[in-house]
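Hey, can you work out the whole structure from these sequences and the hints?
Chains as they are written, first to last, in the numbering used here: chain A, 1 to 187; chain B, 1 to 162; chain C, 1 to 784.
Derived by calculation from the structure, the hints in this document are not laboratory data. Beta carbons: idealized from backbone N, C-alpha and C, even for Gly. Among the clues, some could well be false.
[Said to hold, decoys possible] Below 30 angstroms or equal to it, Euclidean Cα-Cα: the simulated BS3-like pairs (lysine-lysine) are:
id, chain 1, residue 1, chain 2, residue 2
1, C, Lys65, B, Lys4
2, C, Lys434, B, Lys147
3, A, Lys4, C, Lys93
4, C, Lys19, B, Lys95
5, C, Lys56, A, Lys53
[Stated by the list, open to error] Some but not every residue of chain B turned toward chain C, in silico, with C-beta under 10 angstroms:
id, residue
6, Leu36
7, Pro107
8, Ser133
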Amino acid sequence: MALKIEKTFLVQEPIEKVWEFLSDPRQVAVCVPGAKITEQVDEKTYKGAIRVKVGPSVTDYTGEVQILRSDAQTHEIEILGKGQDVRGRGSASMNMTGKLQALTNGGTEVTSLSEVNVVGILAQMGARVISEVSNILFEEFARNFQARLQQPTQPPQAQEGTVGEPKPIRATSLAWEATKGLFRGKS
Amino acid sequence: MARKQLVRVKVNGREREAEVEPRLLLVHFIREVLELTGTHIGCDTSHCGACTVLLNGKTVKSCTLFAVQADGGAILTVEGLIKDGQLHPLQEGFKEEHGLQCGFCTPGMLMSSYALLENHSHPSEADIRWGISGNLCRCTGYQNIVKAVQFAAGKMAQGGAK
Amino acid sequence: MIHHTSPEVGGMGHPIKRKEDLRFIQGKGNYVDDVHLPGMVYGHMVRSPYAHARLKSVNTEKAKKLPGVLAVITGEDLAKANLAWMPTLSYDKQMVLATGKVLFQSQEVAFVVAEDRYTAADAAELVEVEYEELPVLVDPNKALDPGAPVLREDREQKNNHIFHWEVGDQQGTDQVFQKAVVKAKVHAFFPRCHPAPLETCGCVADFNRATNKLTVYMTSQAPHAHRTVFALVGGIPEQNIRVISPDIGGGFGNKVPVYPGYVCAIVASLTLGVPVKWIETRSENLQSTGFARDYHMTAEIAADRDGKMQALRVKTLADHGAFNAAAQPTKFPAGLFSICTGSYELPTAFCEVDGVYTNKAPGGIAYRCSFRVTEAAYLIERAVDVLAQELKIDPAELRRRNFIPAAKFPYKSPLGWTYDSGNYEAAMKLALDKIGYPQLRREQEEKRKQGELMGIGISSFTEIVGAGPAHTFDILGIKMFDSCEIRIHPTGKAIARMGTKSQGQGHETTYAQIVAQELGIPAADVTVEEGDTDTAPYGLGTYASRSTPTSGAATAMAARKIREKAKKIAAYLLECSENDLEWEPGKFYVRGTPSKAKTIQEIAFAAYTNIPPGLEAGLEAVDYYDPPNLTFPFGTYVCVVDIDKGTGEVKVRRFVAVDDCGNIINPMIVEGQIHGGLTEGLAIAFMQQIDYDESGNVQGGSFMDYLLPTAVETPHWETDKTCTPSPHHPFGAKGVGESPTVGSPAAFVNAVVDAVSHLGVRHIDMPITPWKVWNVLKEKGVTG
Chain A
1 MALKIEKTFL
11 VQEPIEKVWE
21 FLSDPRQVAV
31 CVPGAKITEQ
41 VDEKTYKGAI
51 RVKVGPSVTD
61 YTGEVQILRS
71 DAQTHEIEIL
81 GKGQDVRGRG
91 SASMNMTGKL
101 QALTNGGTEV
111 TSLSEVNVVG
121 ILAQMGARVI
131 SEVSNILFEE
141 FARNFQARLQ
151 QPTQPPQAQE
161 GTVGEPKPIR
171 ATSLAWEATK
181 GLFRGKS
Chain B
1 MARKQLVRVK
11 VNGREREAEV
21 EPRLLLVHFI
31 REVLELTGTH
41 IGCDTSHCGA
51 CTVLLNGKTV
61 KSCTLFAVQA
71 DGGAILTVEG
81 LIKDGQLHPL
91 QEGFKEEHGL
101 QCGFCTPGML
111 MSSYALLENH
121 SHPSEADIRW
131 GISGNLCRCT
141 GYQNIVKAVQ
151 FAAGKMAQGG
161 AK
Chain C
1 MIHHTSPEVG
11 GMGHPIKRKE
21 DLRFIQGKGN
31 YVDDVHLPGM
41 VYGHMVRSPY
51 AHARLKSVNT
61 EKAKKLPGVL
71 AVITGEDLAK
81 ANLAWMPTLS
91 YDKQMVLATG
101 KVLFQSQEVA
111 FVVAEDRYTA
121 ADAAELVEVE
131 YEELPVLVDP
141 NKALDPGAPV
151 LREDREQKNN
161 HIFHWEVGDQ
171 QGTDQVFQKA
181 VVKAKVHAFF
191 PRCHPAPLET
201 CGCVADFNRA
211 TNKLTVYMTS
221 QAPHAHRTVF
231 ALVGGIPEQN
241 IRVISPDIGG
251 GFGNKVPVYP
261 GYVCAIVASL
271 TLGVPVKWIE
281 TRSENLQSTG
291 FARDYHMTAE
301 IAADRDGKMQ
311 ALRVKTLADH
321 GAFNAAAQPT
331 KFPAGLFSIC
341 TGSYELPTAF
351 CEVDGVYTNK
361 APGGIAYRCS
371 FRVTEAAYLI
381 ERAVDVLAQE
391 LKIDPAELRR
401 RNFIPAAKFP
411 YKSPLGWTYD
421 SGNYEAAMKL
431 ALDKIGYPQL
441 RREQEEKRKQ
451 GELMGIGISS
461 FTEIVGAGPA
471 HTFDILGIKM
481 FDSCEIRIHP
491 TGKAIARMGT
501 KSQGQGHETT
511 YAQIVAQELG
521 IPAADVTVEE
531 GDTDTAPYGL
541 GTYASRSTPT
551 SGAATAMAAR
561 KIREKAKKIA
571 AYLLECSEND
581 LEWEPGKFYV
591 RGTPSKAKTI
601 QEIAFAAYTN
611 IPPGLEAGLE
621 AVDYYDPPNL
631 TFPFGTYVCV
641 VDIDKGTGEV
651 KVRRFVAVDD
661 CGNIINPMIV
671 EGQIHGGLTE
681 GLAIAFMQQI
691 DYDESGNVQG
701 GSFMDYLLPT
711 AVETPHWETD
721 KTCTPSPHHP
731 FGAKGVGESP
741 TVGSPAAFVN
751 AVVDAVSHLG
761 VRHIDMPITP
771 WKVWNVLKEK
781 GVTG
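Next comes the structure, spelled out in structure tokens:
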């Protein structure tokens with residue numbers, strides 16, 4: 001079950017500041033609801049976890065995040081995240097390409113192009129819902145991303161290990177939004 | 001495990017009660033606690049209607065309700081249709097018109113038809129088909145079930161036992 | 001000759017009401033999930049989310065610690081008892097619980113046993129399984145490619161090829177094709193679908209340590225065969241196993257295979273010494289139990305310019321999923337698919353089938369199709385329509401030109417079958433008259449001028465059922481005879497037991513009617529029992545429309561043996577010679593003096609109270625019937641559809657079904673079977689498919705996506721019949737349960753294609769969803 005998601009949003013911060021944030025998986029992970037980076041393996045590889053709760057169903061994925069490609073000149077980054085459900089109920093992977101564009105007003109346009117692949121029970125029952133859930137996940141990510149950038153920056157080392165329990169994505173509201181979304185049409 | 005709760009219901013005219021987990025489905029309550037196995041389970045997505053019963057006069061899919069939600073209510077199951085050894089006209093109709101083959105959907109069909117006839121004493125074929133559209137059958141193709149309901153409607157209109 | 005019986009006796013031809021209905025209409029059926037035994041516990045299966053993966057570890061510690069959990073069985077545990085794998089009905093083997101790797105999404109990985117179902121389900125969530133994903137193979141067309149992942153590492157042959165089967169004259173057929181002036185070809189896919197009986201599969205396995213007896217209440221269409229399989233696989237002495245198939249909520253072939261859930265429940269009961277209940281959910285049923293079809297077929301017909309068919313060439317790719325768990329007679333890996341020459345006189349034909357493995361649920365079984373006959377009938381009926389379109393000959397006329405004439409029966413087909421009897425033209429004529437065919441064609445012409453889309457589809461199918469003669473048919477070595485045992489009581493009532501097992505076909509009524517016909521004992525006085533292997537005579541069960549042709553025949557033969565003995569007793573009572581006696585249902589009388597008679601009831605009483613010297617007491621008989629041939633029911637179905645150009649929705653305006661199943665026992669029951677089968681055919685043609693995405697995720701794994709028609713979608717079925725008895729069956733009957741599912745898909749598809757054939761469309765694959773139709777219309781520029 002492969003899904004393509006494209007999202008564009010604006011951040012009122014200069015491009016270099018946004019790039020510094022975007023090119024650090026630990027900073028990015030903080031913005032993804034329910035996610036955390038647990039360990040850095042080498043300069044391009046990290047271990048992480050994400051908890052996705054949809055309704056009463058909780059799925060904990062653990063896996064790896066790899067920076068496949070990072071170009072500070074063109075402000076483009078490609079990240080591959082792969083995880084397996086700890087209870088053996090499936091797997092998910094996401095290949096995301098993030099691109100930055102400087103805007104004339106001093107802000108930055110962030111474009112993300114992702115391909116999400118889900119295998120397992122979720123891919124059967126939730127096939128229609130998965131794309132809506134992914135959309136909402138990205139919207140929340142974008143909101144968090146903007147919010148964090150507009151805050152005073154915290155040194156990256158302090159992030160690792162002190163993130164604490166990943167905040168699970170709000171269950172019922174997520175599913176409700178997703179189902180509503182099916183009827184209201186893409187926003 | 002959540003603490004058990006007391007559920008009190010009137011089932012087919014009899015007062016029954018039991019302590020159950022809040023997550024116990026009504027269909028399991030009926031089949032296993034009350035030991036009325038006429039109500040069946042045919043799916044896990046609320047589509048098939050084999051679990052249809054009447055709760056407070058309305059048809060419900062008992063697989064999609066918790067037993068605790070029925071507390072204080074009145075339930076009618078297929079076992080409650082027969083009165084003093086007399087078959088309900090619907091039960092007669094299913095037999096007369098060959099409205100069943102394997103019998104698994106039959107209790108649900110009977111309960112949905114029962115509710116239909118409560119609201120439509122002279123249902124058209126379309127009314128009947130819509131009335132049982134929440135009940136799936138794999139054996140009969142529905143044609144004789146429609147005839148069975150028409151038989152019952154006819155008999156009840158003549159003043160047969162309701 | 002078939003005597004006439006009164007309605008009170010209820011022999012052949014009487015539409016008597018069903019005897020079994022009384023308990024069902026009161027909710028007093030006894031289905032497997034209704035069985036409740038003291039001390040009973042519950043099993044729940046843990047299943048694989050991956051279509052293809054190495055099984056790295058199964059951690060059951062947390063699950064075992066949950067209060068109320070009695071056991072968690074894994075593949076490794078079963079392997080110690082040599083039970084991790086079990087044989088399938090196709091001489092392949094299947095994993096009971098996975099070891100080493102998993103091969104399809106929803107495959108069984110571990111079995112949890114707990115005091116109640118909810119705890120069992122909770123514990124199943126606590127089982128932690130580690131997998132390593134492997135590349136997935138879901139396209140059968142790629143299964144034999146050089147780089148394709150090898151699924152079955154347990155086989156010697158390291159590829160995904162299961163079998164190659166062929167029949168007919170390849171050389172002769174190829175030669176005809178080389179010279180043919182007209183050739184029509186169609187590639188027809190019969191999608192993977194599922195019988196989905198309303199009751200899912202399940203069992204209660206009860207091993208009693210005090211008696212060493214294992215009783216298995218089971219959703220089984222073939223209880224004796226299952227008992228023997230359990231004995232051979234489990235090493236349990238067969239006399240200590242009792243399989244009871246109580247009331248079954250629909251089978252349609254889904255309840256013929258042995259599923260891992262049954263084996264696990266049995267193992268759990270043997271281990272724990274208490275009854276273990278396992279009932280699968282609907283999703284489990286759709287995702288892991290016997291699917292049907294999944295045949296990728298190509299048919300070519302060579303013909304002359306008048307449409308007279310000269311040769312048929314068929315090539316098929318069969319997708320069997322991860323294990324070949326198909327239930328078919330040993331010599332026929334593609335079942336009776338070679339009936340694909342259909343109702344037509346063909347000088348030569350060749351058919352080949354290749355079976356492959358994919359990462360999908362194992363199978364396939366005969367879903368109400370007598371071993372692949374649906375696939376065959378669909379293929380030939382589509383191909384004939386394509387030929388008609390090619391030659392611009394009316395499809396009814398083309399069929400007429402090619403039907404095997406009534407005078408040519410018994411007819412030997414070029415693929416080896418001897419059809420017992422048939423009169424295809426008569427059935428088609430009745431159907432066309434009933435639907436008003438010429439007027440419909442005129443209406444179609446008018447509508448086309450106005451740009452409206454209306455189609456008429458014909459399917460003139462021939463079925464092949466009643467497997468089967470011992471010289472050709474066996475399943476796992478057991479010959480496909482069937483049986484009946486009848487015992488008449490002193491008061492003239494009777495009990496009859498058979499080796500078949502009804503799942504809604506009305507055997508408690510129809511078999512009683514056969515006894516009523518042969519002996520004149522009222523059907524109401526005959527109790528019929530099936531399904532308990534401790535009491536019923538050995539049989540191969542009910543599927544493939546075989547009950548009437550085999551056990552029905554055995555019932556007649558057993559009754560005739562009783563009649564022979566009854567004659568002796570009557571002669572003794574009437575103090576005359578047997579040669580002086582005449583029979584009419586219910587009594588023997590002296591020829592010329594009808595008042596000197598003895599009723600069957602009087603004879604029965606005498607069998608216990610006034611026994612003729614030299615004769616044993618009692619009045620009973622057993623018959624094991626080896627059918628001399630299969631039977632060939634047939635018919636013509638005509639379907640009229642209207643297509644909405646705006647939405648692509650197809651509305652079935654009318655459907656006429658003319659069936660010929662020879663002599664009929666109960667016309668009311670036959671009609672019910674036709675209604676049900678046509679509805680299943682409708683579902684298959686328009687709304688059902690179990691599909692897999694490229695990662696092997698099941699699409700169509702619950703009723704959200706696998707659609708069953710409700711009373712609203714189902715049209716009104718018009719039924720009629722012709723009667724061409726089977727010359728070799730004791731009372732000329734043929735069996736009919738599967739005809740409607742076999743014959744109808746082609747009628748629906750032919751109608752839809754016919755509606756757009758003037759736009760150049762030659763074929764549309766099932767399921768014919770509105771989306772698919774709309775896309776065809778868009779392509780042709782005619783959407784509304």
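The hints, checked one at a time:
1. Lys65/C with Lys4/B: holds (22 angstroms)
2. Lys434/C with Lys147/B: Cα-Cα ~22 angstroms, so holds.
3. Lys4/A with Lys93/C: violated (40 angstroms)
4. Lys19/C with Lys95/B: With a Cα-Cα distance of about 9 angstroms, the restraint between lysine 19/C and lysine 95/B holds, given a limit of 30 angstroms.
5. Lys56/C with Lys53/A: holds (26 angstroms)
6. Leu36: OK, holds: leucine 36/B within 10 angstroms of chain C, min 7 angstroms.
7. Pro107: This hint holds: proline 107/B lies near chain C, its Cβ roughly 5 angstroms from the closest one there, short of 10 angstroms.
8. Ser133: At about 4 angstroms, which falls below the 10 angstroms cut-off, the nearest Cβ of chain C leaves the hint on serine 133/B intact, so it holds.
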